[in-house]
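Engineer: All chains, full assembly: derive it from the sequences and hints.
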Amino acid sequence: MQFAFNHLSRRRFVRYLGAAATFSLLPGCGKRETLVEVGDRELVLHIGNGTEPQDIDPGVVTGVQEYHIMMSLLEGLVSEDPVDLHPVPGVAERWDISPDRRVYTFHLRDNAKWSNGDPVTARDFLESYQRNLTPSLGYEYAYMHFVVKNAEAYNNGKVTDFNQCGYRVIDDRTLEVTLDNPTPYFLSLLLHHSWYPVHMPTLRKWGDPYQRGNRWTRPGRYVGNGSFVLAKWRVNDIIEVRKSPTYWDRDRVKLNAIRFYPIESDDTEERAYRAGQLHITYTLPPSKIEHYRTHDPGVLQIFPFLTTYFYRVNVTKPPVNDKRVRQALAMAIDRESIVKNIMKGGEIPAFNLTPPGTAGYTCRAQLKEDIAEAKRLLAEAGYPDGKGMPPVEILYNTLEYHRTIAEAIQEMWKTKLGVEARLVNEEWKVYLDSQRSLNYQVCRAGWTGDYNDPNTFLDLWTTSGGNNETGWSNPEYDRLIVQAAATAEPQQRLEVFQKAEALLMDEMPIIPIYFYTRIYLQRPEVKGWYSNILDNHPYKYMSLETPK
Amino acid sequence: MLRFIFKRILESIPVLFIVATVTFFLLHRMPGGPFDTERSMTPEVKKQIEEYYGLDKPVTQQYFNYMKRLILHGDLGVSQKYFGWTVNELLAGSLPVSIELGLEGLLVALFFGLIAGVIASLRKNTAGDYVPMSVATLGICIPSFVTGPVLILVFAIEFGWFNASGWNFPRDRVLPAMTLGLYYMAYISRLSRGGMLEILSQDFIRTARAKGASEQRIVWKHSLRGGLLSVVSFLGPAVSGIVTGSLVVETIFDIPGAARFFVGAAFNRDGPMLMGTTLVYAVLVVAMNLLADIVQVWMNPRLRFE
Chain A
19 MQFAFNHLSR RRFVRYLGAA ATFSLLPGCG KRETLVEVGD RELVLHIGNG TEPQDIDPGV
79 VTGVQEYHIM MSLLEGLVSE DPVDLHPVPG VAERWDISPD RRVYTFHLRD NAKWSNGDPV
139 TARDFLESYQ RNLTPSLGYE YAYMHFVVKN AEAYNNGKVT DFNQCGYRVI DDRTLEVTLD
199 NPTPYFLSLL LHHSWYPVHM PTLRKWGDPY QRGNRWTRPG RYVGNGSFVL AKWRVNDIIE
259 VRKSPTYWDR DRVKLNAIRF YPIESDDTEE RAYRAGQLHI TYTLPPSKIE HYRTHDPGVL
319 QIFPFLTTYF YRVNVTKPPV NDKRVRQALA MAIDRESIVK NIMKGGEIPA FNLTPPGTAG
379 YTCRAQLKED IAEAKRLLAE AGYPDGKGMP PVEILYNTLE YHRTIAEAIQ EMWKTKLGVE
439 ARLVNEEWKV YLDSQRSLNY QVCRAGWTGD YNDPNTFLDL WTTSGGNNET GWSNPEYDRL
499 IVQAAATAEP QQRLEVFQKA EALLMDEMPI IPIYFYTRIY LQRPEVKGWY SNILDNHPYK
559 YMSLETPK
Chain B
14 MLRFIFKRIL ESIPVLFIVA TVTFFLLHRM PGGPFDTERS MTPEVKKQIE EYYGLDKPVT
74 QQYFNYMKRL ILHGDLGVSQ KYFGWTVNEL LAGSLPVSIE LGLEGLLVAL FFGLIAGVIA
134 SLRKNTAGDY VPMSVATLGI CIPSFVTGPV LILVFAIEFG WFNASGWNFP RDRVLPAMTL
194 GLYYMAYISR LSRGGMLEIL SQDFIRTARA KGASEQRIVW KHSLRGGLLS VVSFLGPAVS
254 GIVTGSLVVE TIFDIPGAAR FFVGAAFNRD GPMLMGTTLV YAVLVVAMNL LADIVQVWMN
314 PRLRFE
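Read top to bottom, the protein sequences are chains A and B. Be aware that the first sequence starts at 19, since it is given in my numbering, and climbs by one per residue. Be aware that the second sequence starts at 14, since it is given in my numbering, and climbs by one per residue.
Just so you know, the hints here were simulated from the structure itself, not pulled from any lab data. One should not assume that every hint holds.
One side only, chain B facing chain A, incomplete, derived with CB under 8 Å [said to hold, decoys possible]:
1. G45
2. T55
3. Y65
4. G97
5. N176
6. R282
Where is the CB? At the ideal position from N, CA and C, for every residue including glycine.
Structural biologist: Right under this line is the structure:
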């Protein structure tokens, strides 16, 4: 060695050293085992979850992304079947329903435990419900409890004694809930996170349980009763949950951990999937659908989802205050073409508001695309061939596909009816403000059902409905929605909804356009994840099985 | 020198104050609020939430409360988008990520940019000049939302050397730093080439050559300091831009940095977060410009007497 060194000048030696160092790095750069491959081996699921959760406190948040995480950490009285989401026993192992279907008695299982080892009791549920309804918390989803006796009054501050509300602890293992009306979808309602329990001693320890900004939801503090426990939370980076050792049904849980990634850009997410970092994506860029359909159809998932894309019409503004004009505009939209040429994700053209098959309900009143009839109606309204009609303004929030759809509709109205339309786009919050203050003529909108029942789509349009935002009010419609709530017999109740939606489709304060589909990628080794209309996937049934 | 620095720091206080005040009042002029969503909330719920965040008070009172907390406690308030977090916590988590990414990008830019620029200036009007300068022009022209995905496609998806996104392993730094650095690298190489050419044509260089100084000595000892002055004055604003994070690079690589908060806060109308990020960025811009001025004075003796 000494000999060789003598022959090298210092400069040449340094040069060789540099080259050697560079080449020694290269083998380290070869194909590595991907995160997904490691995950398959260690039973760790990697999921894209859209955006960073606002929080993971069920009494504060409203979003879907938050729900996807919380459903791993918490469990309500009932849980859901992974295939069709019908309610199955959760913390309650069984329940009795009174003959008038207004009183539910839940019997809690004695092995249900919080992640700190405390037993889950009926009082935990009662206190959590009280918290969600306490006015000072300002919980947006408090209304999910309003089917319960006096819950709304307590939330409004009209009743101050919580004992007057329809929740009663009979003993540690028995909880009774009394409803105002027989509510056929009550058990489905219980799947919503506003019905999840929280561990109140933990909340008291980290802040005021009845105010926002409680800091109990951090790793190391979070006490839950679900099948997983919170292990890691790095904002905008990752949330990791690990299998809970205290969960009552832990033997069924196959996954050791789940990692949720808040990847906002769909392109970034799709690349992460291709690089082997995700088992399941949250979404898929529309431009990639065709590629996967032809090259890798096995991983492409498309299925109907409880969401409708529609246009609100401001019935207080001429010329759309005339029902005939609204009907004519609705009839002249070629929905098939929008779905096929713009969306391309298997969306279903919508001729009514409630997605078909919502809890066994499919609306019979169907809007017709009929240009001749549309022209007749328009002429009747005083605008033959669109003559004399002032331009209609279509408002949408700034997003590429909203613009494309609005342009297509603008073109359809122009060529088929001779009606001019002007497009107005506004940034999200400005658009919301315009919509709320009825400062628009026609405006794009979407609605996702909170639970699997037509009521979640149809009670929006009552006169007092906070999300009506069309200026439309119809006493008969209001009466039908109240009547549906009071009808115990399920089939009769759906008939009332049929009448209500037929009325809505005749009056047209909204113009349905299409029903959304959920589109994402899923690796074949993911088992126990079923497509369903609410896009809920209970994690305890899931597993990763790589073919041997 | 100390007096100069002290004076500049004093000067920056009113700048920051004005930035805070203008941002605050502009923010309150924006239509829509942090709690407006597609689902409208009942007036009761809205009132409770506004009360909790103090949004029910007159704007001037909100302003004084905010400034008081900021000046006395350095408290940037509670995020109105991420409920359980304070702005201080969120920035403490994300700003170091942006700064790290920025510094790594800058390192890439400086290392390759300077080498390319100096070599090009020494090989003026040869292939050794044209090739790096053409690459530099491309680097300036091609936006990072093109270079980023291309680097990912080749090195992450095709070769499998890196992850396509994330910020969890040391190797996750490589592609984002390259993407971010490329643009600055291009600038630096052009600026350093220009600066070096100017110095190399000066009389004192000719004298040095006449006296038989080696080419290495001419570059290292006589030209580099003067030739890179323009790079340094470019670096002031560039560094503050590069370390405060790049929304595009952070989005492409899904990096948990502060730039996403900055832009997101405006869309979400998250007042405290918008104020916090704006102020932190303002401080960084002021500090980096000051630093660049100091380095310039150190490098250019002529400035010391002004």
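Engineer: So, as I understand it, the hint says B:G97 touches chain A; can you test that by seeing if any CB pair is closer than 8 Å?
Structural biologist: Hint on B:G97: holds, closest Cβ of chain A at ~5 Å, below 8 Å.
Engineer: With a cut-off of 8 Å on the beta carbons, see whether B:G45 makes it to chain A.
Structural biologist: 3 Å, holds
Engineer: Using Cβ atoms only, decide whether B:Y65 comes closer than 8 Å to chain A, and label the hint accordingly.
Structural biologist: 5 Å, holds
Engineer: B:N176 was flagged as interface toward chain A. Is the shortest Cβ-Cβ separation under 8 Å?
Structural biologist: At 6 Å from the nearest chain A Cβ, B:N176 passes the 8 Å test, so the hint holds.
Engineer: Once the shortest beta carbon distance from B:T55 to chain A is found, is it less than 8 Å?
Structural biologist: B:T55 check passes; min Cβ-Cβ to chain A is 6 Å, inside 8 Å.
Engineer: Mind checking the CB of B:R282 against every CB in chain A and telling me if the closest is under 8 Å?
Structural biologist: 6 Å, holds
Checked against the numbered hints given earlier, this structure breaks none of them.
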